[in-house]
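Number of protein chains: 2
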Amino acid sequence: MKKAVIITIGNEILSGRTLNTNFTYIARKLTYLGYDVLRGIIVKDDIEEIGNAFKSAIESSDLVVSSGGLGPTYDDMTLLSFSKAFNLKLTLNNDALEMIKEKFDNMTPEREKMAMIPENSIPIRNDAGTAPGVLVNINNKDIIILPGVPREVESIFENVQERIKVPGYVYYDKSLRLDGVLESIAAPLIKEYAKNNPDLYIKSHPYGIEFSKPGIELEVSGRGDSSIYEKVDKVLRELSEKLMVKG
Amino acid sequence: MKKAVIITIGNEILSGRTLNTNFTYIARKLTYLGYDVLRGIIVKDDIEEIGNAFKSAIESSDLVVSSGGLGPTYDDMTLLSFSKAFNLKLTLNNDALEMIKEKFDNMTPEREKMAMIPENSIPIRNDAGTAPGVLVNINNKDIIILPGVPREVESIFENVQERIKVPGYVYYDKSLRLDGVLESIAAPLIKEYAKNNPDLYIKSHPYGIEFSKPGIELEVSGRGDSSIYEKVDKVLRELSEKLMVKG
Chain A
1 MKKAVIITIG NEILSGRTLN TNFTYIARKL TYLGYDVLRG IIVKDDIEEI GNAFKSAIES
61 SDLVVSSGGL GPTYDDMTLL SFSKAFNLKL TLNNDALEMI KEKFDNMTPE REKMAMIPEN
121 SIPIRNDAGT APGVLVNINN KDIIILPGVP REVESIFENV QERIKVPGYV YYDKSLRLDG
181 VLESIAAPLI KEYAKNNPDL YIKSHPYGIE FSKPGIELEV SGRGDSSIYE KVDKVLRELS
241 EKLMVKG
Chain B
1 MKKAVIITIG NEILSGRTLN TNFTYIARKL TYLGYDVLRG IIVKDDIEEI GNAFKSAIES
61 SDLVVSSGGL GPTYDDMTLL SFSKAFNLKL TLNNDALEMI KEKFDNMTPE REKMAMIPEN
121 SIPIRNDAGT APGVLVNINN KDIIILPGVP REVESIFENV QERIKVPGYV YYDKSLRLDG
181 VLESIAAPLI KEYAKNNPDL YIKSHPYGIE FSKPGIELEV SGRGDSSIYE KVDKVLRELS
241 EKLMVKG
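Taken in sequence, the protein lines are chains A and B. When we follow the UniProt record's numbering, the leftmost residue of the first sequence carries the number 1, and every step to the right adds one. When we follow the UniProt record's numbering, the leftmost residue of the second sequence carries the number 1, and every step to the right adds one.
These are calculated hints, taken from the structure and not from any lab test. It cannot be assumed that every hint is accurate.
[To be verified] Straight-line C-alpha distance at most 25 angstroms; calculated DMTMM-like pairs for lysine to aspartate or glutamate:
| # | chain 1 | residue 1 | chain 2 | residue 2 |
| --- | --- | --- | --- | --- |
| 1 | A | K103 | B | D179 |
| 2 | A | K55 | B | D179 |
| 3 | B | K231 | A | D46 |
| 4 | A | K242 | B | D75 |
| 5 | B | K231 | B | E158 |
Chain A extracted, bound-state conformation (with noise of 0.2 angstroms):
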C-alpha cells in the first residue's frame, strides 16, 4: 500500500461558495487504486500557499494529486507555484499544445498559457475541456495536477489511473443501517470488536433522530489481499447480529 496526499486549491471552496466534490471522487479512486489517503489540504488561489501544500504533501506520501488554478485566467496559478516550489521551469509542451489546438481554430495568449507546463512532465488528456492534465515525478513520486471544473477532473483522472494503481491490492468497505440502535450503547462492542481485529476499520456513524427514532450505520472496510472480502463480510454479519438482539 502507498500513501497519498490530496490538495485541492481555490477561493469559491474556502468561502464554502463550492462544496468539495472533488477531493471525495479523488478520494475514493485513490482508495480503490492501492492508496492509503493521509491527508486533505485545502488552499487559495495563492502562489505561496500553493507551493508549501505541494512541499509539505510530497513529504509524506507516494502520491499527490491535485485540482484547480489549472485554467486561462489569471488566478489559474498552479502551474507556476509548482515549478517556483520545485525549481523547474514552465515550458512549452508540445503534445500539450496539440491538444489544445485541437480544440480551438485559433491560438490565443491565455490559450497557450494553458500548453506550459513544468520541464519533464507529460500532459494528460483532458476529454471534457481544454486544459491537460499534468503528470510529473520528483525523486520516485508522482504529482498529477488536475483542473477545478469536476467533469475535467473525472477526464483526465481516467485517463492517467492505469499508471498509478498499486498492484496485487484489494479495498473493500461494505455498511449496514441499523435501526433503533444507540451508538452510545453499540460503543464498547464496536471497541471489543476492533481490538480482535486489527486489520479491519470498524465505525458507527449516527443518522435519524437520536432519541426518539435512532440509528447507526456500521461500516467495516479494509485492505491487503482478497481474503479481506470474507473477512469484512463476516465481522460486519457478526456484530450486526449482535447489536440489533443488543438494540
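Knowing the structure of chain A, use the given hints to seat chain B on it.
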C-alpha cells in the same frame, strides 16, 4: 478581518465515502462572520495527525474550527489528541455532564467520556445529539471543536457563533451565468478588471459543455464595510455586459 483554519477529522472523508459537507457549512459561516478562511486540513482518526493539525492551524490563524471525532466510540479521539498536543488535562466538566444527563436515563462510561473536556474549556449545547461542542481559548486564539454529524455541527455552531463574530464587517458575493461565453475569451477582460479592483475577487467558473454549449459563471466578491455591496454589483454588471457583447 480575522483568519481561520478549518480541520475535518475522519477516515470516512479520506476514503471518499463521505462528502465533506461540514467543511463547506463551516467555511460559509466563518466567511460571513468576518473570517478569511486561509486553509482546510483533512486528517484521519489518529492522535498524532489530529494533534499536528491543531498545532499547525493555530500557528497561522485567530480561530480554528474542527469537526469529527467527538462521540462515544473508541475512534472518537479529537479531545484526547487536542489535549495532548497542548498539554491540557481532560477533566470531567459538570456543565457538559448535565447536558448529557438530560438526554439519558442512566449514564455509562461511553456517555461520561463525552463530558471529559480540556481544562478551562466551555461546553456548547448540542440540540441535535449528545456530545456537546467545546470552545477553548489558547494564547488569545479561539478553538471550536465540533462532532461529525452535520445536523449536530449546525446545531452547536448556531449556539456559539455570536461569541466569535467579527464586529463591523461585511462579506458579499454575487454571481451571474453568462451563456455562450468561453473562459479563454473572457480571461483578458477579467484580468483587467481584477487589476483595477484590487479590493474585489473576480473569478470565472466554466459550466455547460465547453465547445458545443459553453458558458461561464462570473463571481465577484469583496469584504470590508458596507460600501462593498455597491462595488461588487457595479463590477459584476459592467463585466457581464461587456462579456455578453464579446460572446
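Tested hints:
Between A:K103 and B:D179, the direct Cα distance comes to roughly 19 angstroms. Compliance with the 25 angstroms bound is thereby established for this hinted pair. Between A:K55 and B:D179 the CA atoms are separated by roughly 39 angstroms; this puts the pair beyond 25 angstroms, and the hint is violated. A threshold of 25 angstroms between alpha carbons decides the hint, and for B:K231 with A:D46 the separation of about 23 angstroms falls inside it, so the pair holds. At roughly 20 angstroms between alpha-carbon atoms, A:K242 and B:D75 fall within 25 angstroms of each other, so this suggested pair holds.
Proposed proximity of B:K231 and B:E158 is contradicted: the alpha carbons are some 30 angstroms apart, above 25 angstroms.
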